[in-house]
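Student: Chain residues, written in single-letter form:
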Amino acid sequence: MLNRETLQRASGDGRTLAWLGIGLLLFLLEAGAAATFTMEALIKIALAVPGVDSAGFLTGLESAARSIPTLLSREAIPNQGYYNGSGYQETFLGLAPAVAWAIRATLVYVYAFGIMGWVVAGYRLYRSTYRKADWTPRDDVLDRLRSHNWGLFGLVIVFMFVTMAVFAPALGPTTVDQNMRNSYGNDISYWDSESGSVETIVVGEANLGSASRGNNQNVGPWSYDDYGRFHPFGTMQNGRDLFTFLMVGSRISLVIGVLSVGLSATIAASLALTSAYYKGRVDLSMVLVSDAVMAMPQLLLLIMLTTVLGDTWINEIYSGGFLLALIFAFTGWTYMWRSLRGPALQVSEREWIDAARSFGQRPTTIMRKHMLPYITGYLLIYGSMTLGGAIISIAGLSYLGLGVAPPTPEWGRAVNLGQDYVRTGSWHISLIPGILITLVVTGFNALGDGIRDAIDPQSDSAGDETAGAGAGA
Amino acid sequence: MSETLLEVENLRTVFHTDKETIHAVDGVSFDVSEGETVGLVGESGSGKSVTARSVLGLVDDPGVIEEGSIRFRGDELVGGNWDQHRGDIAIVFQDPMNSLNPVYTVGNQIKEALRIHQGLRGSEATEKAVELLEDVGIPDAARRVSEYPHQFSGGMRQRAVIAIALACDPELLVCDEPTTALDVTIQAQILELLDDLQREEDLGVLFITHDMGVIEETADRVNVMYAGEFVESAPVDELFEEPRHPYTRGLLASIPGRNAEGDRLPTIEGEVPTSTSEPTSCRFAPRCDYAFGACEEVHPGRVRVGDVDTDHEVACLLYDDTFEETPPEGGVEAHGGESA
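If you read the protein sequences in the order shown, they are chains A and B. Throughout the first sequence, residue numbering follows our numbering, covering 42 to 514 in sequence. Throughout the second sequence, residue numbering follows our numbering, covering 740 to 1079 in sequence.
Do not take every clue at face value.
Derived DEER-like restraints, expressed as beta-carbon distance ranges [to be verified]:
1) Glu1036(B) - Pro404(A): 28 to 38 Å
2) Pro841(B) - Thr348(A): 43 to 53 Å
3) Leu325(A) - Glu815(B): 39 to 49 Å
4) His755(B) - Asp181(A): 47 to 57 Å
5) Asn190(A) - Arg854(B): 14 to 24 Å
6) Thr1006(B) - Asn190(A): 28 to 38 Å
Negatives, chain A to chain B, calculated, CB over 12 Å [as the list claims (entries may be wrong)]:
7) Ala74
8) Gln121
9) Val151
10) Ala162
11) Thr204
12) Arg222
13) Ser311
14) Tyr319
15) Leu325
16) Ala336
17) Trp354
18) Arg391
19) Leu443
Quick caveat, the hints were computed from the structure, so don't treat them as lab data. For glycine and all other residues, C-beta sits at the position ideal for the given N, C-alpha and C.
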C-alpha cells in the first residue's frame, strides 16, 4: 500500500517536471510580449500618479522588453512586404504575404490551444496525483461538461474569441496605427506592374485606392489590393483592412463585456446573498429597487446617458468604453439578481447555515463561505449569457452611432459603415462582422447552457429563461 | 443542586404571514439545569423545532419571538442578545447531510467553530479538530479530518456534527431530532455518545424528538408538546407510569410493543391543528375521546397532579376540579385498532 503510494508519487513527480518544463517553454515563446505588456501597464500607472510626467527608467525597461524575441509577433513572422519583380521582399522566408500571414495566424491559434491543453493536463495531473480526495462534486460537473457537445462548441467559440482579443495586434495583416490612426504618417513599398518598378506610397493614399464601394471598386475577402497588400476579409468602404479592424474591435467588446458583467455580477451576487440571508423586509425592499430599475427602458436610458455624459471626463477613459461598462452594469444587474435570488434563498434554508449562525459566525462570512459557493455556478451561467447580451448591446450602440468613440474599432460600427453596400459586391463589410457577432453571442449562450447542464443535471434546457437577449439593443 | 442554565418563560413565537398569524409556540415555560436532559416530545408540527430555534435565536423572518423571556445563566437573550452567549448553546440538527456543508472538509468545518470560540488556527486547530473527532468516536481521526462529508456514513456524519457542536465548548446542547434520520443501531450509538458527553462535560441537554422510546431512554424530565403548548410536563418515570393527559396516553399507546393485546396498533386520529388565534378551547378536544362540553369553551390551564413532591403538571379539564367529568381510571385507550 505504502509502496504503491510512493511509486505513484514518484511517477507524479516526473510528470510534474515535464509539465512545468512545457509550461516554461510556452511562456518563453511569448516572454517578450508578456514583459512588454507588463511594462506598458506599469508606465501607464506611473504616469497616472499626479506629479509624475516622465517614467524614464520604466521606458528604458520597456524598450529592453521589446527587444526580447517573441515567436508570435509581427517582427518574427512578417507578412508586410512587396514584390520586386523577381520575389517577395521583407516577408517571412520570402513567402507571399497571404501565406506569411496565414502561418502567423495559425501559429497564434495553435499556441492558444496549446496553452489550453497545458492547463487541462495540469488539472488532470493535480487530480490524479496531488489531490487528497479521490472524488469531489466538482469532478462530476467537469465530466458532464466534457460530454456536452453544445457547451463544448460554445467553449471553443468563446476561447477563440478571447484568443482573438488577446493576440489582436499579431493577428491582423496590418496594424491599427499604420492602417487607420496614422495612415498619412506611414508609407509602404509596392510593385507597380505598369512601370515595372518598386514604388513608394503613403498608406492613406493607398487606402483611397483600395476602398470597397460596391461593384465598380471592390477588394473582397481573401484578395490582394492594387498595392500588394493582402486582405483576409477584404477592405472597408474607406479602404482600411477589415480583418485588422475586427481583431482590434474584439478587444473593446471583450473588455467592456467582462467589465460590465463582472460589475453587475458583483452587485447582483452581494444583493442576492443579502436578501436571501436576511429575508423579509430586506428582501422586499430589494425586490422594489430592482423592479424600479427594471421598469426603466434600458435602451433609451443608455442613449440618454451616453449623450448626457458624453462630454465628461469619464467618457475619455478607454474611448468611452468604461462609461458603457458602468451603464450596462448599473442597469443590467437586476436580471442577474432575479436569477440568483432563487438559488440563494434555497441555500439559505439549508441547516449548515443555521449551524454556522448557532456558533456565532458573522453574517458576511456565512454569506461568503457557506452561501456563495452554491451560487457561483449560476453566476457563471448567467454571466456567460449576459456577456453575449452585452456584446450585442455594445455593437448595437455603435451601429446607432453611439457608444465607443471612433476611430477605436468596434464591430457594430463596421456593420453600420457597410450597410449601404450590402446589396453590392462589397457585401462583406457588413456581413462578416454581423456573422461574427452572431457566432460569438451564440458561443457565450451555448457555454452558459453547457455550464448549467453540467452543474444541474436535472435542469431542462428547454423552457428555461434565456438571458441572451441582453440589453435589447 | 446543580445550577440552572436555561430558563424559558411563557415563550410565544409567532409567524406573521400574509393571510394569518401562526402561533407556532404559544406560551411554553421550562428550565434546563447543568447535567440535566429535558425532553420535548410531540408530533410533527407541534412546535418543537421552533422552540429549539427560538432558544438559539435562529427564528427567521417572518417569525418573531413576540413575548416571553429566555434567560441563559440569568442573562436575558430575547431582544437580540444572543451574541454574548454564542457557543454556550450549541445545536445538533436532524439531518447530518444537511447540517454539514458538502464543499468543505469535515475538519475545515470543525476548525471554523474552533477559530471563533477558542481562537485556534493552523496546525493547532487541526490537532484540536482531530482530538474532537476522536472524542466523538471516529476511528482514524487524523485521516478522516481532511475528508469531505460525502465520504462519511450517516452515523459518522452525525458524530462529526456533534464534534462541531463541541468545538464551541458549549454548556447547553440542543438536540433537534438528532437520531431521526439514522437507523436504529446507529441511533443507539449516538444516544450513548450523547449520554457519555453529557456526563463528562456536565452538559445541559434539550432533547427534541417525536420518538417516545428515545425520550424514555434519554430524558430526565419530559414536556409533551401539542399545537404550540405544553399539555403535560413530568419527570420521565412518572410520565411513563402515570400519563394523565389523553394525548400523552395516546402517544404512549401508539408505541409498538408496549401494548401486547390487540393485533393493531392504536393511533390518534387526525392531525395537529395550526393555531392561528388565541386559544378559546382545548386544542386537542377535536381529537380527544374524553372531550366533554366544557372542552369546547374553556382553554385549560395547567394544574398540578399526582404526589405533592413530584413536579407533574397537566393542561386538561379532566383534572380541573371546577369541571365535572372525572378522569378515566387505569389507562386511556386511544382509538382502538378494531374501530379504525
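Student: None of the hints should be skipped; say for each whether it holds.
Tutor: Checked hints:
A hinted range of 28 to 38 Å is violated for the C-beta pair Glu1036(B) and Pro404(A), which are about 47 Å apart. Taking the beta carbon of each, Pro841(B) and Thr348(A) are about 50 Å apart, inside 43 to 53 Å as hinted. Against the hinted window of 39 to 49 Å, the Cβ-Cβ separation of Leu325(A) and Glu815(B) comes to about 30 Å, which falls outside the hint. For His755(B) paired with Asp181(A), a C-beta distance near 41 Å fails the hint of 47 to 57 Å.
In this structure the hint that Asn190(A) and Arg854(B) lie 14 to 24 Å apart at CB is violated, the actual value being about 45 Å. Between Thr1006(B) and Asn190(A) the C-beta distance comes to about 55 Å, which lies outside the given range of 28 to 38 Å. Against the 12 Å criterion, Ala74(A) stays outside the reach of chain B, whose nearest CB is about 37 Å from its own CB. Taking the minimum C-beta to C-beta distance to chain B, about 53 Å, the non-interface status of Gln121(A) holds against the 12 Å cut.
Annotated as non-interface, Val151(A) keeps its C-beta farther than 12 Å from every C-beta of chain B; the closest such distance is 37 Å. Annotated as non-interface, Ala162(A) keeps its C-beta farther than 12 Å from every C-beta of chain B; the closest such distance is 25 Å. Distance to chain B confirms Thr204(A) as a non-interface residue, since its nearest Cβ pair spans about 32 Å, more than 12 Å. Distance to chain B confirms Arg222(A) as a non-interface residue, since its nearest Cβ pair spans about 50 Å, more than 12 Å.
The beta carbon of Ser311(A) is kept farther than 12 Å from every beta carbon of chain B, the shortest such distance being approximately 19 Å. The claim that Tyr319(A) is not at the interface with chain B is violated, since a C-beta of that chain comes within 12 Å of its own (minimum 7 Å). Consistency note on Leu325(A): stated as away from chain B, yet its beta-carbon is not over 12 Å from all of that chain's, at 10 Å minimum. Look at Ala336(A): its CB is around 24 Å from the nearest CB on chain B, clear of 12 Å, so calling it non-interface holds up.
Taking the minimum C-beta to C-beta distance to chain B, about 44 Å, the non-interface status of Trp354(A) holds against the 12 Å cut. For Arg391(A), the condition that its CB be more than 12 Å from all CB atoms of chain B is violated, with the nearest at approximately 6 Å. No beta-carbon of chain B comes within 12 Å of the beta-carbon of Leu443(A); the shortest separation is about 44 Å.
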